[in-house]
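Chemist: These are the residues of each chain, in order.
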Amino acid sequence: MGEITNQGIQPGGMGIDLSQFFEVFFEEAYENLASYESLLLEMNLEEPDDEALNAIFRAAHSIKGGAATFGFVDVAELTHELETLLDLARRHELQLTTEMVDCLLASGDALRAQLKRHQSGGTGEPTPIDHLVSDLRRLARRQAVVATVTDEVADDGYPRNAVVALSGERIITIRVGPNEEGFDVKSLLDLFDEIPGMGKACLVTGERAPSPEFSDLTVTTASGDSDLIDLFTFYVDRDKVAIMQRPITPPQSAAPEADQGFGLFDDLPTTLSPVSALVPTAAAITESAAVAVAAKADKPVAAAESTTLRVSVEKIDQLINLVGELVITQAMLAQKAQALDPNQHSGVVAGLTDLERNTRDLQDSVMGIRMIPMSFVFNRFPRMLRDLASKLDKRIELKTSGEATELDKGLIEKITDPLTHLVRNSVDHGIESPNHRIAAGKPAHGTITLSARHQGGSIVIEVRDDGRGLNRERILAKAVEKGIPIPDKMPDQDVWQLIFAPGFSTADVVTDVSGRGVGMDVVKRNITSLGGTVELESALGQGTRVSVRLPLTLAIMDGMSVGVGGEVYILPLASVVETFQADQSKIKSLADQGKVVQVREEYLPVRPLAKLFDVPNPATETSRSIMVIVEAEGKRSALVVDELIGQHQVVVKNLEANYRKVDGISGATIMGDGRVGLILDISYLVA
Amino acid sequence: MMLDPATSSFSRNEPDIGVGHEYFNSLKQGKQAMLSILAVDDSPSIRQMVAFTLTAAGYNVIEAADGQEGLTKAREKTVNLVLTDQNMPVMDGFTLVKNLRSLPMYSSTPILILTTESSDEMKAKGKAAGATGWLVKPFDPVRLVEIIKKVIR
Chain U
1 MGEITNQGIQ PGGMGIDLSQ FFEVFFEEAY ENLASYESLL LEMNLEEPDD
51 EALNAIFRAA HSIKGGAATF GFVDVAELTH ELETLLDLAR RHELQLTTEM
101 VDCLLASGDA LRAQLKRHQS GGTGEPTPID HLVSDLRRLA RRQAVVATVT
151 DEVADDGYPR NAVVALSGER IITIRVGPNE EGFDVKSLLD LFDEIPGMGK
201 ACLVTGERAP SPEFSDLTVT TASGDSDLID LFTFYVDRDK VAIMQRPITP
251 PQSAAPEADQ GFGLFDDLPT TLSPVSALVP TAAAITESAA VAVAAKADKP
301 VAAAESTTLR VSVEKIDQLI NLVGELVITQ AMLAQKAQAL DPNQHSGVVA
351 GLTDLERNTR DLQDSVMGIR MIPMSFVFNR FPRMLRDLAS KLDKRIELKT
401 SGEATELDKG LIEKITDPLT HLVRNSVDHG IESPNHRIAA GKPAHGTITL
451 SARHQGGSIV IEVRDDGRGL NRERILAKAV EKGIPIPDKM PDQDVWQLIF
501 APGFSTADVV TDVSGRGVGM DVVKRNITSL GGTVELESAL GQGTRVSVRL
551 PLTLAIMDGM SVGVGGEVYI LPLASVVETF QADQSKIKSL ADQGKVVQVR
601 EEYLPVRPLA KLFDVPNPAT ETSRSIMVIV EAEGKRSALV VDELIGQHQV
651 VVKNLEANYR KVDGISGATI MGDGRVGLIL DISYLVA
Chain P
1001 MMLDPATSSF SRNEPDIGVG HEYFNSLKQG KQAMLSILAV DDSPSIRQMV
1051 AFTLTAAGYN VIEAADGQEG LTKAREKTVN LVLTDQNMPV MDGFTLVKNL
1101 RSLPMYSSTP ILILTTESSD EMKAKGKAAG ATGWLVKPFD PVRLVEIIKK
1151 VIR
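Chains U and P, in that order, give the protein sequences.
With the first letter of the first sequence counted as 1, position 43 gets the number 43 in our numbering; the numbers rise by one all the way through.
With the first letter of the second sequence counted as 1, position 58 gets the number 1058 in our numbering; the numbers rise by one all the way through.
The shape of chain P in the complex, shown without the other chains (with noise of 0.2 angstroms):
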């Protein structure tokens, strides 16, 4: 059997070699264990929900409480998706994004806008920031997870 880390699937190429359910499934998480999920929010409780739920689905989640501290994170490491919170002081997530997509390791990352409301203007926003896409809070987080997993690179 043959991982094939894009399409986390299994081929036979190769004559089975007895890899198994468990192994298979380490496997997953392993690989999933290697993404890194960069959550900006002002709000602390908000923060530790985001980031319990996506460990507990495996991801390795990197915090921070404004823009301007996430973009310093950002730089750190490199994330494979940014979920950032609207209005936060300092620097809000519409200039982080901006300011994370001119950044070249940055430039095709996932980075969705947690948001409030769904308005027009929101979308002109965060389209025009370059954001990939919008998520309404509150949000279910198991909702949350599938999303990240449809969407997260």
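Next up, chain U with everything else stripped away, as it sits in the complex (with noise of 0.2 angstroms):
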């Protein structure tokens, strides 16, 4: 027989802690479901590619058997239903519709709300997903062509008899009894041995098993009800055997068949049928055979798998903070290696030399572990984009490129929803309706192109459309509207900077996907707050493109090093725009608003650093001051510093974590001398 009952699973069993892979599980499971929800997307569902729908299908498959493996039960029963369906689908039993695309992704999202629940302690509203498992079973039942096993239930209550097409035997179950003290119902097992042809048999065991007097045997047979009674006779009496349908899994359960958790291949009976593809054991598998199913490009996740290595972000971080302490302190070691000479000292001068050039290595190959490419960031918008374009009835292409390039972590964060806003406000507000598109002479379909690339040490990313681009005019009334002083002949560029001012939109009806009008200041703000800038260029009638220009990470900077009365001062060298050495004729002072100094037309003001600051031992006031104008949301200002020290990158520490929040200080940073240098916030600076 050689068929062990399974009584069921409990999570863990005895002794085993199965809560410790959870988390593994988790990420697994979101990983899965990216990658399922990616390949539904770029379905072609005329002609559906084989290996994607494979794909899809062991997806799903993976999240149920981790899901029915550590107890996450709801989860188990909706991949149970994707699965069927997908199984058919792969199997070209079923052409997949977009109907059932829009299932199976709304099914994803339910799935990812359930694993959300689960992880975060499994409290709160269980999700419902009655509406879904219904949908997928009507749309599997509608297209499937061939059942092997049907859920239906007869008039008697049992379910119809299970009919297996492919071997034409068929599964049911007879019923003996009631027995006599000492029966042995192994002994009608052994008919099944002893006599050929018809067929085999088990004993159902364990919560199926009828009462002690009854027995029930699952026969697996070709023979016909007659022929079984027939053989059963030599043991029992006639009357004391019945055939009866078998009981089969109720639907609603996704446990696996409770009497059948293991067996051994050798026990099966020889009158089982091979099925499909059975390849002849060949003499040597070549190894060029083993490799080329290899070839096949697969999934990079699959094949990835193993050479990847989940670290934890907080380690990563301390490995940040302990190679940006190492390098301070080789740049201490550097300065003080200044004053020792060369040729006495040569082997230390070329060992520190070395030591530089290492740090820098390590320094680059450490801030590499965090870097994480853009296309994590643009994965999210074909779906985005799919269920947008369907809710305002228009049509979307995206395009992307550059999903390679990559960016710190903690930007890729923190860029995503300013990003997300501005391509829902091109879908929204730049894209027009199919019709209006032909009307105009655009093909009906509108782009919207994502795009990434390296810049120098900054990261360019740029969110481009060809809808109806920019309205200078409505833009211009709207500002005039809300009091905003307007110069005369304002160029476009700084026409297009207007709508970042708060409460700004030039929306017509406000829609629930954006143009409250809360929506751009705060992507802006959210943009500088990262240390970058955001750039408007548009057409009318043929698009608008925004640029976005990020520091490639938020813990090395280029500065701008100036001295104040003793003190160092570091300027992002982003924000500066100039330094020159001011004539005091072109100082000129405003009653209410202190000085100001003439740079070509412009009037800018002059910021002393030395009072804002408070430093002790200022310069005294030469007749040539030294100015750096700097830059930040649009303004300028003109800073007075005693010198300027050089430009160099500057570790990044954290001032409110050692210290306390100052304004107009965005940070610091310990310099070559081991002295503290204050890192200027532009924007309070130029406020």
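It should be emphasised that the hints constitute simulated quantities derived from the structure, not laboratory data.
Check before you lean on any hint, since a few could be wrong.
[Said to hold, decoys possible] Derived DSSO-like pairs (lysine-lysine); straight-line CA-CA distance at most 27 angstroms:
hint	chain 1	residue 1	chain 2	residue 2
1	P	K1073	U	K186
2	P	K1149	U	K186
3	U	K586	U	K611
4	U	K635	U	K661
5	U	K653	U	K414
6	U	K200	U	K186
7	U	K661	U	K315
8	P	K1150	U	K200
9	U	K409	U	K399
[To be verified] Partner residues aside, some chain P positions facing chain U, computed with beta carbon under 8 angstroms:
hint	residue
10	D1042
11	S1043
12	K1123
13	G1126
14	T1132
15	W1134
16	L1135
17	V1136
18	K1137
19	P1138
20	F1139
Note that CB positions come from ideal geometry on N, CA and C, so glycine has one too.
Could you use the hints to bring the two separately framed chains together as a complex?
Modeler: Spelled out as structure tokens, the structure:
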């Protein structure tokens, strides 16, 4: 017989704590869901790719396996339905339709919600999935060509007989009893072994077993009812044998067959006909054959699986911190070494040069660990655009480039929201309805292009659309309405920047997608807080391009160090426009606004840093003071400093974490000589 | 006391040299620690759980994420039992089993297929591929150890 009853699964069994694997399961499930979703979105429904169908099936199957193993019954139940539908699809017994894809996508969302709920402790309302389950079943049943086991219920309350179309056998239940004392029902099982061709039988035990005086046998056979009853009369009276329908696991439960948990193939009768592709056991499976299987490009996740390592973010941050300290120490050593005579201490000097190079390489390498490709951000947009486009009745095509461009993980997390808002804006206000577009001589579908590329020490992310473009007149009109001063002949660049003003929205109808007027100023503020800039370019009727420029990482910054009365301050190089020595003649005093300096045609406010920060021992006013023009959020000021020290990369340290928040100071760094240099917050200074 | 490795049993052929309970256990552990199992599954969480469970039971566990990797690792080190998932990318379980069986050192190694259903089709495929047996997922880890103990050689 060789079959052992499996009584059911208790997560954890006896002594193994399965919860230690939960986090890994959740990570893996989310990855599977992401791959499931993107494959569905890319699927060509007319000619679906077999590899893709298999991959989607495997994604659902994998989630189900883990969910069932670790006791997440609701997840297992939903994925079971997905698996059924997807299995039919991959066997080409069913054609995927848009309706099915929509249902599959919605189910993916529900799964994500279920997983999140479990991940955060399992409290709160469970996700409703009944409508999804019934939709999935309806879609599967309608299209399936061959059902091997149906779950329809016959009139007598027992499920209809299962017909295994392939082997010509059927599976039935035979009830024997009431049994006499001492009757060994196993003797009936032996009959099937002794008499060839009758099929195979096993005893139903455990929960499904009937009362003690009766025994149920599950029989797989090609023989007819009367033959079977005849067989049993070897050991029991004819009237003690009843052939019943085989009780099938109720569809609601996703648990596997409770009575067949494990078995050995040798015990299977040879009457079972073999199914589908049988490969004769070759004498030697050549290396090339095995390699040919692998050569077919598969989803990178599976291949990368064995070559990646999961590390907590805290560990990485700690590592980056330590390397930052190392860089500072190395810089201090380098500075001390400058006092050494290179001839006398050639060894030390050479060693320190090597150290500097090694430290720089180490730093680049470590910073690189936190770098993640932009595809992590771009990946959400195909789905978002599909939903948005259908909601707004527009046709949108998404193009992406530079997905492999990398950005620090911290920045990736913070750029996602602003970027999402920009894309939503493009869809909502930029791209016109198909009719409008055709009337304008454009293709009915609008195109949104997302791109990312490195440029110097920055990353430039662009959102481009071929929509209606920004309307200069309307923006100016709105600005006037809001009382914003508009100089004559304002250049387009500056006009576009007006939309970043708080409460600004020229949308005629506020849709719930965007356009409540709170969006763009928040976007700009978010980007600026990351040390970045955002610029707009537009042509009426043709489209708009939004360019976001971000530093590659928050932890390291290009800075210009300036000296003020013996103190060192760092200015973010990205904010520095130019430096010059101003003639006193160019400095004027305004009654209520302090001093201004004339730079070409402009008058810029003068900010003496010594006064602002109450620096002791300021240099006495010389006839020509050194000024640094800085710019933030479109405003410029001229800072007065005593000396320009230099430009270099600084490791940014968090002031708030080490001291407290100080207005006007965005961070601190340790200079080469060990002194602390404060990094100035330019937006505070130009306000 | 003599330890018969084939049956893990002790017999009194020699005078008792004071072999105690711990020594008996450590010998048994030692024997088990020499037994290796190859666990192939594309789900990291299942793999980790299986590896943890079997390592705790005293086996040496080698992991692989798909059939191809499994085949490579099986070649590198001969194992005493192979546990493989059915649905995996690159090379699925049945193909892996067929490939293993064509290697002389794996012609009779116990190979179990982890499957989510015990359908006739699966059984036919498994038998044709040459697997020793199947185990339905989800399974209780403790039961897994029991089954492995029965089947491993």
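Chemist: Taking each numbered hint in turn, which are not upheld by the structure, reported in ascending numerical order?
Modeler: 1
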